[in-house]
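Asks: Throw the hints in and build the complete structure from the sequences for me.
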Amino acid sequence: MLASFCAHAEQYKSEVREVAAPPEQTKSQDPATLLKSTTDPYARAMLLRDLAASAVEKKDYKEAQRLLQEAVKLGALSGPAAEMMKKDLASLTLATGDIKQQVPQLEALVKSGSATPEIFVALGAAYLENKRYKEAVPLLQKGIAATPKPDPTWRKALVAALIGAGQEADAAKLLEQQLRGNSAQREAWLQLAALYLKAGNKERAQATMEIASRLGYLSSAEDRLRLVTLTGQIGAPFEAGSVLQGWLQGGQLPKNVDNQKLLAALWVRAREPKLALVVLNDLVVVRPSRELYEQMAQLHLEREDYPRAAQALSQALQLGGKNGPLLMSLGMARYQLADIDGALGAFRDAGQFAPQKKLASDWITYLESGRAREQALASAAQAARREADDVALSHRLLGPGVNLPANDAAVVASAGVTRGTVASARSASGELTPIGAERDGNAAGSIPPWTGGLTPSQWPAGFTKGQRLIDPYPSDRPQFTITAANLGEYKPLLSIGHQQLLARYPGYRLPVYVTRRGVAYPQAIYDASQANLGRAKLTGSDALTGAKLGVPFPKPQSGVEVMWNHRTRYRGNTAEARSRQYVIGADGKQTLDVRLDERVFFRYGNTADPVDISAQNILLYYLLRFTGVGINNFVALAHETANSEKDARAIWVGPPGTGKLFRVPPVGYDQPFPATDGMYFVDMIDMYNGAFDRYVWKLVGKRELYLPYNGYRLSDGSRSYASLLTPKFFNPEATRYELHRVWVVEATERGGKKHSFGQRVFYVDEDSWNVVLVENYDRAGKLWRFQEGHLIPLYDVLAANCLPVITYDLQDGRYFASRLVGQETPTRYDVPMKKSEFNPAAVEAQYLR
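Everything in the sequence shown is counted per our numbering, starting at 1 for the first residue and increasing by one.
It should be emphasised that the hints constitute simulated quantities derived from the structure, not laboratory data. Only a predicted model underlies this, so the values are computations on that prediction, with no experimental measurement involved. Among the hints, erroneous ones may be present.
Derived lysine-lysine pairs resembling BS3-like cross-links, with alpha carbons at most 25 Å apart [to be verified]:
| id | residue 1 | residue 2 |
| --- | --- | --- |
| 1 | 754 | 646 |
| 2 | 465 | 834 |
| 3 | 131 | 173 |
| 4 | 465 | 646 |
| 5 | 36 | 59 |
| 6 | 134 | 834 |
| 7 | 131 | 142 |
| 8 | 835 | 274 |
| 9 | 131 | 111 |
| 10 | 698 | 537 |
| 11 | 131 | 834 |
| 12 | 465 | 131 |
Computed beta-carbon distance windows for the label pairs [said to hold, decoys possible]:
| id | residue 1 | residue 2 | range |
| --- | --- | --- | --- |
| 13 | 505 | 720 | 19 to 25 Å |
| 14 | 153 | 211 | 20 to 26 Å |
| 15 | 319 | 213 | 38 to 44 Å |
| 16 | 180 | 533 | 55 to 61 Å |
| 17 | 181 | 629 | 56 to 62 Å |
| 18 | 704 | 475 | 45 to 51 Å |
| 19 | 481 | 138 | 16 to 22 Å |
| 20 | 81 | 677 | 56 to 62 Å |
| 21 | 530 | 180 | 52 to 58 Å |
Think of the CB as a built atom: it goes at the ideal place given N, C-alpha and C, for glycine as much as any other residue.
Replies: Written out as structure tokens, the structure reads:
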């Protein structure tokens, strides 16, 4: 590819030399000397152009590129001349191979319609390097189609882009075409065989390998290992492991340590821990090492085999000496065994290492609390060791295997719901919106009717999908402001939490605006919600059945049904979000600053590919990474299920410095959530998440309430976090409150269960099913923490969510601000994601190594 680019640069050189040079000067007045004394931008641009031409003559393309970049930055040339210079610069970019930094110029050339085939290929190659595979494919195809004899490396790039974009069948066809034209391509034969292996095409894979072998491309051990590696690289580690194991057992490859390590790595990537452990057990006999025992420990943890995990970690420590990350892992393993004293010992040893000191201290504090031992014992009892399914090797090349089914017993629990006197969900006309809200406004006219929400035709002027949301109501002004002085007038329309904040803090206020019902969802959500009527059921408080894609219960008859509507609400098919969170102390000083990076692959609420929860017990895959002082690069992975009575949520954590993910019991309830200075329990995330079994849920009914709503100005980037995070309470200046209808749900601690919050009251927005306010009471009945979510309709994806969320501790005077996004990269929705990206091994490789 570089050769063709250099030829193009030579063409550029000749084109540049055709332009009349400045009049001949004395030797002291060469372009470089003149440039030093010239200040006129146009003259400087011309001199830089001539210097670039001289650099091309010397084949110094990087220097020529630098000079033209400087000339373009001057902005002194007319439109056509500037475009020509940018095109020349792009040509030089091809010659230098420094394509990535010239993406904006290349994109501009493609958009202008003046791009050459080389420009199409260059931009496609840049996208390929940035893993923007789907965008790379058409560019590479255009460049190749427009060239009679394209460089072979262009087709190689297109094959790589097609594989990355998930178009393996197209990649295979292209490889077949290449090989028909020239069969002497070792890499192409191996790639084609690997693609057939992944596709499960046994006959073609065998035929391709036979031809490659006859051509001498699969005759050596090196060639066979290359095929195995390629198969793993294109996303088929199970097939690669099956082939490798067959060759090791058949003697086509030596059963040495390196090959066995490769086999173990493939089984790990394929999420086959039992197969990987068989190999690792053989390896530690031959060549024991700390690294191998660490791998074994991780796999045992994934299988919830905590005794063997603790044993492997102890062996690793004996071989490698004391190590902070390993000691943290050992503490976690012992905690799973309800060995609290052993866990404390491991965490105390880990605390001697600076990177683990803070996290170890948090664990010690938790383990020394009274409830830690009780919860550990309960987890150990529930997670009595289960025999994992035996695995059948891929029979695509090795013949059929046998699956041994595991015994699975489902436990059905009480739904734990209490039906209150449910206020009518129908308004005067009796009509509901497609997801179950009252379509009409209220009698006073202070709540308007719902007319479809903010659809694309109503987007603010100048807004483009993908950018930060713009306030769609910029001319709205507060109608009035609620303060402590007029609290009595508005008390019936205020939550207890807001009443207490107004009474406690002078200066706290609620600016009230006209009500805007802007929430809208995709038509697929509306249709699915209606289809769920009479079909969705709860067989227990934590066991959803019969629902698909939409709101499970548009006409809820119990409190827990309302909460399931919140849990499963549509938030886009996928999301990549970055946010910040802070704790502001009672003295007004900031005590915490943490950045969160989140990736979510929604499987229930996914309009492109909604999961059938009767066949796959999954709601979503969730990846979270914390970055901040004391908790840098803490990673958590969760697989949330639709029926936790059958399969509890699966959770892995990657403590800083360990380089590994560790399976932990299904945490939740009032266990502390990291990076919140104790302000958050796990079940406070997303206003409420996790199991419902510790409370009796009562549906009180519906009422009108002032809610934080349509607060786009909090997240539009116009205000710094420092200006929002004022002492005592979140700055009310940019907040917006509106009158809306909410479902009210009371959760009271169930007899025999324990939670730090004895009672909770949830206020759920009727138009979106988002929990917007939560009042959390201590066990003595005193309001302790008040959660306030500032709801905004996400009109770019037709969804709604709370951004930011403010949590007040009404007992110690602190407050916690989370989901602050105004100064971060805008959230990306509907990003292509795969289930395999949320495998523990994949997360480890991507984020922890």
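Asks: Against each hint, give a clear statement of whether it holds in the structure.
Replies: Here is what the structure says about each hint:
| no. | hint | verdict |
| --- | --- | --- |
| 1 | 754 x 646 | holds (22 Å) |
| 2 | 465 x 834 | holds (23 Å) |
| 3 | 131 x 173 | holds (22 Å) |
| 4 | 465 x 646 | violated (40 Å) |
| 5 | 36 x 59 | holds (24 Å) |
| 6 | 134 x 834 | holds (14 Å) |
| 7 | 131 x 142 | holds (19 Å) |
| 8 | 835 x 274 | holds (20 Å) |
| 9 | 131 x 111 | holds (21 Å) |
| 10 | 698 x 537 | holds (17 Å) |
| 11 | 131 x 834 | holds (14 Å) |
| 12 | 465 x 131 | holds (21 Å) |
| 13 | 505 x 720: 19 to 25 Å | holds (22 Å) |
| 14 | 153 x 211: 20 to 26 Å | holds (23 Å) |
| 15 | 319 x 213: 38 to 44 Å | holds (42 Å) |
| 16 | 180 x 533: 55 to 61 Å | holds (57 Å) |
| 17 | 181 x 629: 56 to 62 Å | holds (59 Å) |
| 18 | 704 x 475: 45 to 51 Å | violated (25 Å) |
| 19 | 481 x 138: 16 to 22 Å | violated (54 Å) |
| 20 | 81 x 677: 56 to 62 Å | holds (59 Å) |
| 21 | 530 x 180: 52 to 58 Å | holds (53 Å) |
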